[in-house]
Every structure is written in C-alpha cells, then in structure tokens.
Amino acid sequence: MEDGILKGILTERDIRLHTIPVKGESGPEFLRLEDPVADVMTDAPIVVSPELPLNQLLDLFLEDKVGAVPVVSEERELLGIVSTLDLLVFLRSTEVAI
Amino acid sequence: MTVSEVMVTDLVTVSPDSDLKEAMDHMNSAHIRHLPVVRAGRLVGILSDRDIRLFGMSVAGAEDGDLRFSIGNDVMVRDVMQSEPVLMEGDVDVREALDMMIEDRVGAIPVVDPDDHLLGIVSYVDMLKLLQARL
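As given, the protein sequences belong to chains A and B, one line each in that order. Going by this note's numbering, the first residue of the first sequence is number 1, and it counts up by one from there. Going by this note's numbering, the first residue of the second sequence is number 1001, and it counts up by one from there.
None of these hints come from the bench; they were simulated from the model. Note that the structure is predicted; figures quoted are calculated from it, not measured. A virtual CB, placed ideally from N, CA and C, is assigned to each residue, including glycine. Honestly, I wouldn't trust all of these hints.
[What the hints assert, rightly or not] Pairwise CB distance ranges, derived in the manner of DEER restraints:
(1) A:77 x B:1029: 36 to 44 angstroms
(2) B:1054 x A:35: 40 to 48 angstroms
(3) A:41 x B:1041: 24 to 32 angstroms
(4) B:1116 x A:62: 43 to 51 angstroms
(5) A:53 x B:1031: 23 to 31 angstroms
(6) B:1028 x A:79: 26 to 34 angstroms
(7) B:1116 x A:38: 42 to 50 angstroms
(8) B:1040 x A:35: 37 to 45 angstroms
(9) B:1117 x A:73: 13 to 21 angstroms
(10) B:1053 x A:38: 14 to 22 angstroms
(11) B:1119 x A:5: 23 to 31 angstroms
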C-alpha cells in the first residue's frame, strides 16, 4: 500500500517461489531476509470490486487458484480483502442445504 | 451429505521417504497445496504449502540470511510433513468438515477408513464448488 492505494500482494506462493529452487527451473532471484517486500510481491494482483457478484468471485477462486483477492474502489483504494475462508464462513452461515 | 460424496479420490500422494524437492515438483505440476503422505496405502501425514514455508523460514537464519539454501537435498518429506494431521472418516457430515476447515484453519482434510487407509481428500475447493452449485 502507498497512500491508501494498493501496490501489490504478498502471498505464500511468492515466498515459496523465491526461496526454494524447483528442479529444472532457473527460477527468479532468490530472497534474502533483508530484501524489501516490493522485490517479491505480486505487483499486478487480481483485484475485485465490492460490487462483484458472489458467483463471479467463486469462479475466480476456482479457476485462477487464488486464495484471497484485494477488494478495491475504482480509484484502486484498498477497501478490504476477501478470501476463500470468508466464503467457507459464508457457506456455513447460509441456510443452503449441503 | 457426507464427505465421501464430495471428496476427491484421484489423488497425488507421496512417500515420507521422498525428498522434499520431489514432493514440491508434484505440488507445482499438479497445482495442489496439500499432498497426502502415504506408506503402504496408510496415511502417515500431510504436506502443505504452509509446512514448507514454515520449515524454510525456521532454518533461514542458519544460512546467513540467504534463503536459497534453506531446503537442502537431504531434506525428506517426513522431516517437514504434519505427522498427526486433522483427518476424518467418509461418513462424516460435510458441515462437520466445513467446521474443521474454519476452526482449525486447514485447507484440506484426508479421508481414511478405520485402519487409516487413505480413501480421498476433501478440501476447501470442494466446499467452494458446493457453494457455487447452489448459488
């Protein structure tokens, strides 16, 4: 974040990809503990509008394999974050038969 | 609805004696975050993305801050896996699995028979699909 505007997101996958060499891949530059977050974060993350319908959010989670997405305004101001855990809690709270 | 009705049975598994990098190759190529660890058909643990990250971070200081070498070639799956994972039998209600995922913050739960033979795995993805089908 910079001045309330979303700049990127740091995920477990980002950290894993920058710490552990994968066989057969040269991989990105490796991380050192003192490196800034900006070197490792995903700097053009998928973001959603607070108005996005739930079924489209589910499609995003299931097809793009992301665990959480920032929710931003039209000006890219960070409003919140919505994760798969939030949807599990929603599913539990609904009266939908499962 | 029971977990056996929603679990995935076509599984990628790994041996506790595999090297960790081999297991990570499986996870990367199959795009999965959880790998059941099986010996002779019996579940002996689960290896997750998070376990690998925590392990990597725990040994990071030993390498002068350079995380590149934090997981050496001699590290085996058994050194990093959770050896007493949350698990359940197939006749458990889906809502109970959902509760466990939320309360215990686990993304996937292995499903076993009474002798710990691995039958499948139920994950948050299966739960999201359930929700998707009902919206």
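Taking the hints in turn, this is what the structure says about them:
1. A:77 x B:1029: 36 to 44 angstroms: 38 angstroms, holds
2. B:1054 x A:35: 40 to 48 angstroms: Cβ of residue 1054 (chain B) to Cβ of residue 35 (chain A): about 19 angstroms, so the range 40 to 48 angstroms is violated.
3. A:41 x B:1041: 24 to 32 angstroms: Violated, since residue 41 (chain A) and residue 1041 (chain B) (Cβ atoms, about 41 angstroms apart) do not stay within the stated range.
4. B:1116 x A:62: 43 to 51 angstroms: 30 angstroms, violated
5. A:53 x B:1031: 23 to 31 angstroms: Check passed, 25 angstroms falls within 23 to 31 angstroms.
6. B:1028 x A:79: 26 to 34 angstroms: Since residue 1028 (chain B) and residue 79 (chain A) have Cβ atoms about 32 angstroms apart, the given range 26 to 34 angstroms holds.
7. B:1116 x A:38: 42 to 50 angstroms: Hint holds: Cβ distance 46 angstroms, inside 42 to 50 angstroms.
8. B:1040 x A:35: 37 to 45 angstroms: Holds, at about 43 angstroms.
9. B:1117 x A:73: 13 to 21 angstroms: 51 angstroms, violated
10. B:1053 x A:38: 14 to 22 angstroms: 19 angstroms Cβ-Cβ, so the 14 to 22 angstroms window holds.
11. B:1119 x A:5: 23 to 31 angstroms: 48 angstroms, violated
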